[in-house]
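So the protein lines, in turn, are chains A and B.
Count the first sequence with our numbering and you get residues 1 to 364, in order.
Count the second sequence with our numbering and you get residues 1 to 364, in order.
No lab work stands behind these hints: they were computed from the structure.
There could be a bad hint or two in this list.
Stated by the list, open to error - Now the stretches of chain A that chain B is said to cover, found in silico as 3 or more residues with beta-carbon under 8 Å: (1) 83-92; (2) 161-171.
Claimed, not checked - Here are some chain A residues pointing at chain B (derived, C-beta under 7 Å): (3) GLY174; (4) MET175; (5) ALA178; (6) GLU182; (7) ARG363.
Note that beta-carbon positions come from the ideal geometry of N, C-alpha and C, so glycine has one too.
Number of protein chains: 2
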Amino acid sequence: MSVNLIDVKDLDAIAIGAALYGTGGGGDPHIGKLLAQRAIRAHGPARLITLDELRDDDLIISVAMIGAPTVMLERLAETAPLVLALRQLEAKLGRKAAALFSGEVGGMNSVIPFSVAAELGLPLVDGDTMGRAFPKLDMTLCALHGIDAAPLALADEKGNGLVLDTVDVQSLEGMVRALTMEMGGSCYSALYSMTVAQARKSLVLGSISMTQRTGKALFEARERHLDPVAELVRVTDGHCLFKGKVIDLQRTIDGRWSKGLARITGLDEHRGEDVELLYQNEFLVARSEERILASTPDLICTVDMETGEPITAEQVRYGLRVAVLGLPCVPEWRTPAAIARVGPRAFGYDLDYRPVEQLTMDRR
Amino acid sequence: MSVNLIDVKDLDAIAIGAALYGTGGGGDPHIGKLLAQRAIRAHGPARLITLDELRDDDLIISVAMIGAPTVMLERLAETAPLVLALRQLEAKLGRKAAALFSGEVGGMNSVIPFSVAAELGLPLVDGDTMGRAFPKLDMTLCALHGIDAAPLALADEKGNGLVLDTVDVQSLEGMVRALTMEMGGSCYSALYSMTVAQARKSLVLGSISMTQRTGKALFEARERHLDPVAELVRVTDGHCLFKGKVIDLQRTIDGRWSKGLARITGLDEHRGEDVELLYQNEFLVARSEERILASTPDLICTVDMETGEPITAEQVRYGLRVAVLGLPCVPEWRTPAAIARVGPRAFGYDLDYRPVEQLTMDRR
Chain A
1 MSVNLIDVKD LDAIAIGAAL YGTGGGGDPH IGKLLAQRAI RAHGPARLIT LDELRDDDLI
61 ISVAMIGAPT VMLERLAETA PLVLALRQLE AKLGRKAAAL FSGEVGGMNS VIPFSVAAEL
121 GLPLVDGDTM GRAFPKLDMT LCALHGIDAA PLALADEKGN GLVLDTVDVQ SLEGMVRALT
181 MEMGGSCYSA LYSMTVAQAR KSLVLGSISM TQRTGKALFE ARERHLDPVA ELVRVTDGHC
241 LFKGKVIDLQ RTIDGRWSKG LARITGLDEH RGEDVELLYQ NEFLVARSEE RILASTPDLI
301 CTVDMETGEP ITAEQVRYGL RVAVLGLPCV PEWRTPAAIA RVGPRAFGYD LDYRPVEQLT
361 MDRR
Chain B
1 MSVNLIDVKD LDAIAIGAAL YGTGGGGDPH IGKLLAQRAI RAHGPARLIT LDELRDDDLI
61 ISVAMIGAPT VMLERLAETA PLVLALRQLE AKLGRKAAAL FSGEVGGMNS VIPFSVAAEL
121 GLPLVDGDTM GRAFPKLDMT LCALHGIDAA PLALADEKGN GLVLDTVDVQ SLEGMVRALT
181 MEMGGSCYSA LYSMTVAQAR KSLVLGSISM TQRTGKALFE ARERHLDPVA ELVRVTDGHC
241 LFKGKVIDLQ RTIDGRWSKG LARITGLDEH RGEDVELLYQ NEFLVARSEE RILASTPDLI
301 CTVDMETGEP ITAEQVRYGL RVAVLGLPCV PEWRTPAAIA RVGPRAFGYD LDYRPVEQLT
361 MDRR
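Construct all of the structure, not just a fragment, from the sequences and the given hints.
Below, the structure is given as structure tokens:
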């Protein structure tokens, strides 16, 4: 079936899956989930569809929150400014969106669009621009395919709105950063407008239902008293890279960036080894003194060792016992052009990317 | 005649008049003049018209540079980004402008619109939003009449553009300030869109031809070896408040604001008295220890004592011999509501406004 009706309970699964794929960043999906659930209670289920439900020249648009996750957590998200941003972008384009989609499968922005979809009765495409979450506007497979985030609309809770029509992503990033700061650290956006024909080539399709399957598997593991971490590894085709206890934490906020590292000391079979997780909004590198365990664009996820509950970089704190999972990114991120854009060196880390499954194999 | 063809030479007069009415701020009109003269050489004279040449429901739009005068002086102004801002605003409104107008009669923005008018073959309305220059977007008679600066388009030399659609002027000021800084300290704008019917009630009409008459009078005084300062006083219905030598100067740049004071020690009949000119982009208060000579919204202008050449706050330097002129503002600025918006207290000066002609009378 190509239409998947997403009800309040389905969002619980999607949100917990999105928290995992958020690789520590993207903001806690909990707030976005509450917002979407409220809209679904008021307007009925959201329709998650495949691109086959649309015509090739239909327009689709992503809606998202932009800003530092820490700030987003402190503000109550609203649907109205997302609708305002969407309307401003539609007016700019002179066309209405036939469907919405999520910019990323990780974090808050995976679930936020469901609130707008439910409220406006628009379907949501089962797909996203990266199959994970990255912090910059051009760190998407769409951008690699020449589809820009701009024109990009921003709005705030007061009813202010604007549309940016920029010529390069540096200008766009700079203006969005300046405006986000001015708007109080976070704001609401509509972006990445494209036709369905463009979406076929550039979106990661099926990624939202993947988060739903992952969340469901976690809930079932808990119900059936299976090891949640093992079940997450199974359903994601991932690897358990490390288990340990958080012993140190360094965190700074720099503009709309949250940066830092978490240090974890090994437990069980990892006793005696310390691992550092380096993050810039998302976890980007997992390393010990001896070796690299995984690096961007592969996904580095932390979950509670006992419950499998995903833990964002914001939630990491001293004493937490965590499992670090490594999930292979989608193959499109592993080309030289993609690695140049989102590999370790793109974030300032002096190391070469190697696929997480190779790194894990080497270790055995 | 209601159409006044503005050629290269006419702009010399307008620019020097605009420098006077700029009351020390608004940026040196020289750069704007060169830009407009280049456009006129390429495309023919600009048409300065009265509102009678237009229909009541015609749309008119102002184009302007926004930013710190110091920064504007260091960048070569261009017409293309003004056209881009205009086009973005027109697209937002879904209507083309039938004519342009100048936001202020003081400084660079009095002459900048001539470049766009000449290039696009659009007429320019003989009027502005304030009959002088003020630094904030809502310090206009239009704003007092409920006509907003927003929707407001911004653009830069790279080709980036955006349209702000804000709900209050605080939001607009904040976003424009943040974006202006991000765009390098100055940028190009289209704003204050209104119908001709609205313009009839809220624009200061005839103010551009007034700057032209003032500039011509100064040129003629020089040719005929008359006292230029006396001629300026005569043609502007103004007052010569003080003559002296600049002995001190304090200047800071704070965001897109240039703030400071100039201290002048009296010459001739003013010997023995020191006067301070306080400015925030424009000269706002002229005072000595004993008395207030003039204050906003009346116009405080400095000119070279010998040549009558207007001197901006940026050009004031130690040793200059200047005459300080006080020009009555338009009567609309003297209502209690207007004084609340642009009187001394609106700029943080703890003094009551009194009309410059009364202050001058008291002294005699």
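Against the structure, the hints come out as follows:
no.	hint	result
1	83-92	holds (count 3)
2	161-171	holds (count 9)
3	GLY174	holds, 5 Å
4	MET175	holds, 6 Å
5	ALA178	holds, 4 Å
6	GLU182	holds, 4 Å
7	ARG363	violated, 46 Å
In terms of the numbered hints stated before, the structure departs from hint 7 and from no other.
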